[in-house]
Each structure stands twice: as structure tokens, then as C-alpha cells.
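Enquirer: Listed here are the chains, written in short residue letters.
Number of protein chains: 2
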Amino acid sequence: MRVAVDALGGDNAPGEVVAGSLAAATKLTDDEFVLVGNGDAIRPRLEDAPANVSLREARGLVGMEEDPAAALRARPDSSVAVAAEMVRAGEAEAFFSAGSTGAAVAAALLKVGRLEGCRRPAIATMLPFDKPVLLLDAGATVSCRPQDLLNFAILGGVFARRYLRLQSDPRIGLVNVGEEPGKGDDLAKEAHGLLAGSGAVHFVGNVEGREIGHGVADVLVTDGFTGNVVLKTAEGVAREILGMVREAVTSSTATRLAASVLRPRLVAVRDRVDPENYGGSFLLGVRGIVVIGHGNSHARGVENALVGLSRAGSGLVEDLVGALAAARRPAAGDAV
Amino acid sequence: MRVAVDALGGDNAPGEVVAGSLAAATKLTDDEFVLVGNGDAIRPRLEDAPANVSLREARGLVGMEEDPAAALRARPDSSVAVAAEMVRAGEAEAFFSAGSTGAAVAAALLKVGRLEGCRRPAIATMLPFDKPVLLLDAGATVSCRPQDLLNFAILGGVFARRYLRLQSDPRIGLVNVGEEPGKGDDLAKEAHGLLAGSGAVHFVGNVEGREIGHGVADVLVTDGFTGNVVLKTAEGVAREILGMVREAVTSSTATRLAASVLRPRLVAVRDRVDPENYGGSFLLGVRGIVVIGHGNSHARGVENALVGLSRAGSGLVEDLVGALAAARRPAAGDAV
Chain F
21 MRVAVDALGG
31 DNAPGEVVAG
41 SLAAATKLTD
51 DEFVLVGNGD
61 AIRPRLEDAP
71 ANVSLREARG
81 LVGMEEDPAA
91 ALRARPDSSV
101 AVAAEMVRAG
111 EAEAFFSAGS
121 TGAAVAAALL
131 KVGRLEGCRR
141 PAIATMLPFD
151 KPVLLLDAGA
161 TVSCRPQDLL
171 NFAILGGVFA
181 RRYLRLQSDP
191 RIGLVNVGEE
201 PGKGDDLAKE
211 AHGLLAGSGA
221 VHFVGNVEGR
231 EIGHGVADVL
241 VTDGFTGNVV
251 LKTAEGVARE
261 ILGMVREAVT
271 SSTATRLAAS
281 VLRPRLVAVR
291 DRVDPENYGG
301 SFLLGVRGIV
311 VIGHGNSHAR
321 GVENALVGLS
331 RAGSGLVEDL
341 VGALAAARRP
351 AAGDAV
Chain V
21 MRVAVDALGG
31 DNAPGEVVAG
41 SLAAATKLTD
51 DEFVLVGNGD
61 AIRPRLEDAP
71 ANVSLREARG
81 LVGMEEDPAA
91 ALRARPDSSV
101 AVAAEMVRAG
111 EAEAFFSAGS
121 TGAAVAAALL
131 KVGRLEGCRR
141 PAIATMLPFD
151 KPVLLLDAGA
161 TVSCRPQDLL
171 NFAILGGVFA
181 RRYLRLQSDP
191 RIGLVNVGEE
201 PGKGDDLAKE
211 AHGLLAGSGA
221 VHFVGNVEGR
231 EIGHGVADVL
241 VTDGFTGNVV
251 LKTAEGVARE
261 ILGMVREAVT
271 SSTATRLAAS
281 VLRPRLVAVR
291 DRVDPENYGG
301 SFLLGVRGIV
311 VIGHGNSHAR
321 GVENALVGLS
331 RAGSGLVEDL
341 VGALAAARRP
351 AAGDAV
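So the sequences go chain by chain: F and V.
Note that the numbering used here has the first sequence beginning at 21, numbered continuously upward.
Note that the numbering used here has the second sequence beginning at 21, numbered continuously upward.
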């Protein structure tokens, strides 16, 4: 697979983005990585690069504070625009960016385009829990219709099966305020009906907030507003609790000694819920593979995102197209 | 203040509810507590009760799986119905229930009634973070209008000032997917405009999920769908991370020794985020004080809920009515 990497997006670009890309390229010798950015800044970092890494010139980036669509139109030679254009032109199958999420989503929609039958895309992200669970939408589409959530379930199911290497149909849950089918706002109630009635997904019903990390589903669907708040709350709470534990155990000489014994285990806990384990979220519903890294990604996060992309990616779009089309066809029993 | 306590609601009723009520009554000698439930089950537990505890007969409870409104109509002598009726009749200023949340909300709406100018009530709950923050709505009103969120801000501000003993105007934040005013779905965008334009609250703007526990606001408003999912996600993640830490530090003899040194500090962390510290959420927007306990409340949670009720409660409804009325009056500058 050929992957365009926006080398300028992100708080730690280009250094950490290039370093992570080189590490991934060393492991993934069947894939190619094209670093997109200012040659002057990138070239010196590529002296010892493996042969499957190359450079594509771009000028400047779309900032976090800019209006994404306007910035992309005004500066078609910015790094994220060039990376997306490579996917549109078939020069790359995927692009990665740790820059502005809004710019990556806008570049994907404007240049790569949507999948047929999919009104709006979703950001699919692994939640930082012990039991892996894919949440979508994490913020691409803040206002959703019931059909959008069914589409997210179809897209998320195909993706989770590849990404998590599941042997059976992914279990799809609907984020809701109660377990019973009649719970929730109008969107949740109608989406429940569509999900339960569709033969296209293995729907396991409503999932409450407290169950999200308990492995009751492989994929959780919700609108981009709720999903974004849930994701950020989960990350924020995890960081806060771990900070409280660290502060508590290092606050006196006696406990510092005990803490030094426990440090490797506490670090292991932190690592198990570290967002950089996944390193990137996937924008599903567009005619290419688009991976959005955390803005503060370090090399490890970029590397993990590209490794995940390689695992889930090649042929993903064709599978998504097929699943959406199959879900639109009436089932045999309905064809009277 | 006179408080009616639903002695039959909750997983650990009546034992833990009665024990918590007796503990609270011993501390709060100016308040009176009326335990509402089957005399046969409650009376034997009241042998050493202080003088400010009494019994009111009721028969049976509204179960978690029942339709609340139908059950209340069919069984007006159930414990939560009798407790709510006491508030309606002026025999109590407040009622507490750790039973079905739906039943407590329905009893409050059907019997106690709404405050003027407040279309829908909100559940106000303290989030289990190190920096105290009040979230509303945590699930009473899953479908909200922008004006509802402004009302929640007014109600939450009055309540937080009393409950948290704040010296200045509570800072009100709007849960959203980004900090900028234009972010969010239609509800969030319109609510932002109302909150920013109202002179009735000290609005500090949008608050993202990851900032929720960082003390950037005293009160966070959102619709009951988002609020419920956020609350339960936060509680679930906190429990999960603490469980992972406990498991990690007790998994070998060597670390168990170190863990025994650290145990008091790790317990202190757990206690700082224990939902039983608050023990109950307040239903705001009705003509009485209604406190909803966790379904699995133990005596400590019930006691803490009743202590919080006593601190925040007496005269609360009059203050809420006044604040809603003041917000409806045009400001002096507008009166041209």
C-alpha cells in the first residue's frame, strides 16, 4: 500500500512525524510512505531513510484556528491538501495527518469524496480501555440522522473485523441512556429500530456509558456530538485518575520507595490506556483511507497509526463499498 | 427541614437506607426525617432511633422495570408516591429516593409539579472528579431545547452556590465538541447564543470533554442524553482505571508488600472519586427538593446525600423561583 503522510501537521511536526514514519517504513517493507512537506525541512531527516520512503513537495499547512474549507481552497499546495490530492489521483491509497482534524476531514470530503449511499462520514476511534472497542462517530458529523448511524454500524463493522482481526461478526452497540429499546432521544430510538431491523449488522442493543469499557460490544455507534464528548471525557478521566495515583504514591519518602517497586506495573497500566497505542482514528465513509493522528502525536503514535493502517487498510474501501451496497439490497425474504 | 425518605427504594433497602438516615439524623438535629415504608420492615430498625426520626406507612415500591407513570397511578400507596405526596401536601420540604430514577422523576412531576417558566426539569449531579463540578442534566430530559439549557444554567448556578458554598457567581460552561462559539450541533450553537446573551448567568463558554474535570467551570450544562452518557462514562472509566491499578499492584508477593505501604494512599484516591461522597443527585425545576440516590447506595451514600440536602436545601426552591423570575424580567438596559 502507498501512504501519503502529511509531514507538517501536528504539534511535533515534522520531527516526530518523520521519525514515526521511518520507524513504520522499516517494519512495513511491503508498503511505501510518501512524506508530504517542505523539502528543505524534511530532506535532511531522510538521509538514512529506507528505500520505501520518499518525499513530495508541499508548502505550508492548514492551521488549527483556520476555517478548513476556505484554507484548502486558498492553499491547494498545503501539505494536507497535497496528501488528499494524491489519494484522489490514485497515487496513494491512504493519507495520514496529525494536523487539524477539521482540515483532514474537509480535505477528504472535498478531494477524495464520499462513498455512495453514505451521506456523511464518521471518525472511528479505539477507546482507551482495557477491552478494545471502536467508537464512531468521534466528531466528524455532529448532527446525525438515524440512517447515518446504521451506515456507521456497517462501516464500523467492516473496519473492526479487519483492524481487530475478529473471527466472527463484530457486535454492534448503540450508545444510549438505558438498555431498553424505548430509551433515548428521537435519534437513538429511531436508530435502534433501524439497527435492530437491518440484517446487515449484528446488533446487540443499547449500551450505557458505564458499560462502554466492559467489552459488551466491539463497535459502538453514536452521533458525532455524543461520541466526541464521550471520547474526550474517557481520555480526560483516565489521565486524571492516573495523575492522582502518581501524585499519591510519590508524595513521601516512604511511599516513594514502595512506588519504585511498583513503578513498572503502574507504567504498564498507563501504557495499556495510552491513546498512542493506536495513534490514529480512521475517517470512514470516503473513497480512500484517511487516518487522523492525535495533534500531540509523538513518533510512537505516528508509527502505531501507520502500522494499524497497514493492517486494516489495503482493500478496505472496496470492502466498505460492498457492505454498503449489500445493505441497500433487499434481503431474499423481502423480495416478494 | 423535614425530609421524607423512601425507605424501600434501592438495591440495599431498607437496611442501608434506614442506617444512613439514622446516621444523618444524629448529625442533623435541626432536621426531621420521615422514613416512608412498610412499618413491619422498618419499625424494628428504629428502636434506638433519635427523636427526629419517624415512620410513615407505605406499601411496596415502584420497581426498576416498571413504567413509572403507570405504576404511580396504579399504586398511590407505594413508598416513592407517598414521599412525593408529602412534599406536595407541605408535610415535607424534600424527599429522597434511591429507587428507580424514572419513578422519582415521575413522582416529582406528577405530584410536586414544575416550577413556573421551567418546561422540563434537570438532574444535577456532582461529577466524581478531584475538582468539584456540577453537571446537569444527567438524564431527566433527553431531548432539550436551547431555552431548557439556559434554565438549567440558572437552576444549576443557584444550587451550586449553596451546595459548594461558592463566594462568587458560579462559572457556567456548556458541554461541547470545541471551544469556539460556532461549534456543535444546532442545540449547542443556539444554547451558546442564549447563555452568552443572558445577563442571568456567568457564562464561561464551551467546555470540551477532556476539560470537564479540570475546574474550568463550576457548573456544566448539557442535554440529558449527553449528560447521562458523560456521567456514566466518567464513573465507568474511573472505576476501570482504579481496578487496573489495584490488580497491577497486588499481582505478586513482592509488589503486595509495596502495595501494603501504598494502600492507604490508593484508598484515598479511590475515596476522592467515590460517587457515595455525594450520595445523591438533585432534581431541579420542580416545586420541592428531590434527591435521587444511587440505586446501589450504602448507608454512607444515603447519609452523605441527606447531609448535602440539609446544606443546600432549606429555602432552595424559593431561590430557584426568584432566579427564574429575575431572568425573565428584561434587564434595566433593555427597558426602552
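Check before you lean on any hint, since a few could be wrong.
Footprint (simulated), chain V over chain F, 3 or more residues, beta carbon under 8 Å [as the list claims (entries may be wrong)]:
#1 100-110
#2 127-139
#3 246-258
#4 283-290
Because the hints were derived from the structure by calculation, they are not lab data.
Every residue gets a Cβ at the ideal spot worked out from N, C-alpha and C, and that includes glycine.
Enquirer: Which of the listed hints are not met by the structure?
Expert: 1, 2
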